[in-house]
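S.K.: The primary structure of each chain is shown beneath.
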Amino acid sequence: MDTIMEILKDLHPDVDFEACDTLVDDHILDSFDIVSIVADINDEFDVSIPVEEIIPENFNSAKALNALVERLMEEE
Amino acid sequence: MLFTSYRFIAFLLVLFFVYYLIPKHFQWKLLLVASYLFYAFAGPKYLIYILATTLSTYCASLRIDRIQSVQAGYLKENKGKLDRKERKAYKAQMKKKQRQWMIPCMVFNFGILAVLKYADFTIGNLNGLLRVFHVAELPLPGFLLPLGISFYTFQTMGYLIDVYRGKYPCERNIGKLALFISFFPQLIQGPISRFDDLKETMFSEHPLDLRNVSFGLERILWGYFKKLVVADKLLVAVNAIVKNPGQYEGAYVLAGMFFYAITLYADFTGGIDVAIGVGQVLGIRIQENFIRPYFSRSIAEYWRRWHISLGAWFREYLFYPISVSRPVLDSSRRCKKRGQGWLSRRLPIYVSSVIVWFVTGIWHGAAWNFIVWGLLNCLVILISEECKPLYEKFHKRFSVKDTFWYRLFEVARTFWLMSFLRTLDCYRDVGTTFRMVGTIFTEWNIGELFRGGLMQLGLSVADYGVLAVAVLLLLAVSLTGRTGSVREKLAARPVAFRYAACFAMFTAILIFGAYGAGYDASQFIYSQF
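These protein sequences, in sequence, are chains S and B. Using the working numbering, you'd call the opening residue of the first sequence number 1 and step up by one each time. Using the working numbering, you'd call the opening residue of the second sequence number 77 and step up by one each time.
Calculated directly from the structure, the hints in this document are not laboratory data. Just so it is clear, CB atoms sit at the ideal spot from N, CA and C, and this is done for glycine as well. Heads up, a few of these hints could be off.
Chain S is faced by these chain B residues, among others (derived, beta-carbon under 8 angstroms) [unchecked claim]:
(1) Ala376
(2) Phe395
(3) Tyr396
(4) Leu405
To be clear about the criterion: a stretch of chain S counts as covered by chain B if any three or more of its residues have a C-beta under 8 angstroms from a C-beta of chain B, and this derived list gives those stretches [as the list claims (entries may be wrong)]:
(5) 15-27
(6) 36-46
(7) 51-62
In isolation and in its complexed conformation, chain S is listed as follows:
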């Protein structure tokens, strides 16, 4: 979770990622941010996020993103 928080904070230092669960719905994260996050997660966790997993539900909060990474690591 800490690494994910670091990745997110690196993009938007002013956002409270612990509390916010509408990151995509409220356009805090745009498509450019999402591509950066996917690339960083690939590097940090050595896990590839398939394109079908790039949906708002998986990127709306740090918690959801963490759950996605954990699930993908388990599947791989």
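Assemble the complex: chain S is given as a structure, and chain B must be docked to it using the hints.
M.R.: Frame of chain S; chain B shown alone:
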């Protein structure tokens, strides 16, 4: 059959009565017959193309679905017997099998679109090269474009990709899939719907719901108002300016830009209003395609609010697949290892943005002006992205970000930037467009425009008066819509007020609508794309 024709209104009336009189389980079948009938009006020979798309997609999606079922069954049967590596290898093998059906189907369908839409453009450019080398030119095939092919091809391929991604199971009833592809209200100019969105209401049974019908009719009326009272009327002035570039320069070009922005908005959103309204009358929910786009504060925001379904299509099926693809991410990683962190972060975004905007441009039309238009949009968005740190510094220093005047400045800047980019759509020739835009800065003839110049553009003082009132009404409705549905608000008023408003709208369309000599109510601008 055009939305603005009497034939279409008669078609709708007959459909409406039959739709609510027949047994409810026949309703979607009737819509399928009506959609094919609607399509056949454009030329029965074009039915072959939509049928080919339907059949090929039906077969491919069934096969993909079958492979997914086999995979699920095998993994369930061997749960605990396969280690992680074996499971991963098996999944990869099955994914490859699915791609063996998906890719040929996509090549076939995008191939039809590419040949019919881009053959003349490609050969025309090739002929340009051949001329340089004094080689005999190739003849242009001059294919006629089947109605709505850009829209239904994208919608159908979106469905196929979703099935491949396992988002939802494929539709096993070919009739239902055929209706999803050919549903007549959205066939001409979208929106590009998603199967999981439409199927909820498209195939269910609909008893007559008077509230739905009256809301739908109000939406249709509003769409006709935008199209006939605003778009078609103002198009006369736009055409006068852009079709005579030698005669109308400077301030006229500026006026043309402004007029075209209003025309395109009224035309496209009007057409979508009619489509959504027809859907609602029939009990079918079609997704919104606009959220007050001219109130956007940046170009990126504008593209999230204008032609939403096309933007979403490109984002989901082109932008993300390219930007997170293995070759692009590997290249980005290599840059990072070489210490080129700046490039590493930007590479996926830049590569996918340029491709997406090139395709967006060429989707709108097989011509260089559309390609340049797409790439300029890309350039503006990427420059804005690069300028973000500067904006942030500015806003830290000056706390104006959320003030009314700063927001107004941002909205006006976005509006004019978009209007400027759209001049490429008006003049349809890159050289002429830039020359004409250049005259805005060299020809200082704004006085001439107001000393009778505007009256030479085919519209009278009364026409401008009607247009001014109509545009103010559009603005008022947009502003009202910010805090909830305008029709809900109208429905909350006394019945007499509601009927008076609808009657006034209907009368305005009859009296002020663009009919007769000098007007061309024949086409919706986006139906040509």
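S.K.: So, B:Ala376 near chain S? Judge it on the closest CB pair being under 8 angstroms.
M.R.: It holds, given that the least Cβ distance between B:Ala376 and chain S is near 7 angstroms, below 8 angstroms.
S.K.: The segment 36-46 of chain S covered by chain B? Criterion: 3 or more residues, Cβ-Cβ distance below 8 angstroms.
M.R.: holds (count 5)
S.K.: Against chain S, with CB atoms and a cut of 8 angstroms, does the hint on B:Leu405 hold up?
M.R.: Cβ of B:Leu405 sits 6 angstroms from chain S, so the hint holds.
S.K.: Please verify that hint: B:Phe395, Cβ, nearest Cβ of chain S, below 8 angstroms or not.
M.R.: holds (6 angstroms)
S.K.: Okay, the segment 51-62 of chain S and chain B, do three or more residues pass the C-beta test at under 8 angstroms?
M.R.: holds (count 3)
S.K.: Given B:Tyr396 as an interface hint, is the shortest Cβ-Cβ distance to chain S below 8 angstroms?
M.R.: holds (5 angstroms)
S.K.: Are there three or more residues in the segment 15-27 of chain S whose C-beta lies within less than 8 angstroms of some C-beta in chain B?
M.R.: violated (count 1)
In this structure, the one hint that does not hold is number 5.
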